[in-house]
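*Asks:* Below, each chain spelled out in residue letters.
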Amino acid sequence: MSFLFLLTIFVLSCCIGYFVVQGVTPALHAPLMSVSNAISGIVIVGALTEAAWADAWSVEEMLSLGAVFFASLNIFGGFSVSARMLQLFKKKGDK
Amino acid sequence: MRDEGLYIIYVMASLLFIFAIKGLSHPKTAKTGNDLAIFGMLLGVIGTLFVLPAENDFWIVAVALIAAVLGVLWGQTVEMRVLPQMIALLNGVGGLSSLLVGLAQMMRGTAYTSDACLGIAIGSVALSGSVIAFLKLQGIYRLKRLPFFNLINVLVFCLICVLWIRFLIDRTMMTACLVGVAALLLGLILTMPVGGADMPIVISVLNALSGFAASAIGFSLINITLIMTGALVGASGTILALFMSKAMNRNLASVFFGKAHQMTETENALNKTAHAGSVEDAAFLMQNANKVIIVPGYGMAAAGAQYALKNMADILEKKYHVEVKFAIHPVAGRMPGHMNVLLAEAKVDYEKVASLEEINGDFETADVAYVIGANDITNPRAKTDSLSSLYGMPILDVSKAKTVFFVKRSLNAGYAGVDNPLFFENNTLMLYGDAKKITEEITADL
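Protein chains in written order, with my numbering: chain A, 1 to 95; chain B, 1 to 446.
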């Protein structure tokens, strides 16, 4: 895939992000931040790829395992705290 | 064939993330949104694991699981009061993981690309900036702005650019590391002088950076979901930062590069006297009111007064049939939406919690405005005094209420260093003391 193609995707994604986030109610800005933190943990797919292809016990393996660790921390920490926050915003009647 | 399959999975995961954020547009759909995001993440990770060789699987899974357990424990046990600290650390962790992936890629010799180097740079800024933001939020570290900070900022930024160009020419690990170190330094000096009330903006900017770092890594890995998701997170952080700075009438650049607020204005009105009210006055006026609007600020969070407030509001509503509402300014607290989460934690119905635009017209018909731990966001100088550093900031018009109660420790100016003429108005009564204690005393008196 050419750089220009990737750049197009990047720019369009920024636009989508812009319009979607505009719709988020200010009351939920805190969960928005923790959810977006969690999904930025998607960098774990890069970390997994690097870790899987690295030679055993090499420096790059250590680095990518570190990346797996921190990305996973980001994902689980972010999702669990946002789930907890959103639970708080539920009303008694809501399902 | 396998690559195409993975590509489609990645596109689906990205779509799920977009709909997840869309779900946050209303509290009713927000939970579903979070679940969609979790599903998208699962899809992306499982899809990736499927195409990878299995040699190192044990260690990868072990490391990921340990982090998962720690992450869940952290998320489940963290106090909502210190949520800004957690988000700051998560931003840093996000930057760090992009940084490490970039370095690992270079070590393996597969991609000495400018994108990976950019990912390292952005990730480093997010990492060191977040650490400083965390220390500041914890109150461990305080530093006033030094006069030569801006110059150092510019110099370090130029240094990063030069090193990055050098990397484009020599493509060595050494230069990439130098870029990383310089970027770490930039993160430190950018965040160090930022004041407490600007924290919502800083956290949003760091959030955006951690997203863009992931995007840059996506470019070098040619990974479509990293690019899309990183851009999504980056856009989200950027919009929040712009929204917050607009709500403070500050230019985004002035948060990081601007002069510190001047304290001289404080002297203007100190010879006037403020009226001190008593707990009994507050209880009496509120129980006889038709409408009470509560305006919380960071002081409420610091004192942990949200449960006491909810208690007071309940008694007012049930026993005296008073209409109670909560008014939240966009920059109240230390991170976007912080007040809303704290009130939700105390089980305040979100329909009683209103934003600045929704409620500002209501103050005219309110009998009592109860301002607890907030100051600058009510300061009328923002409207009247064009010389004030607050001028132009949208405020909550609490002075239009018949009586205003300010729960505050002292008459000191707020973070912005501007004295608040509201304290000296005839319809303002000051309640000096701890936010939680005062609220509990009023409740006991009702």
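None of these hints come from the bench; they were simulated from the model.
Where a beta carbon is used, it is the ideal one built from N, C-alpha and C, also for glycine.
Honestly, I wouldn't trust all of these hints.
[To be verified] Partial list, derived from the structure: chain B residues whose beta carbon lies under 10 Å from chain A:
#1 Ala30
#2 Pro53
#3 Ile359
*Asks:* Please name the hints from earlier in the document that this structure breaks, with their numbers sorted from lowest to highest.
*Replies:* Violated: hint 3 alone.
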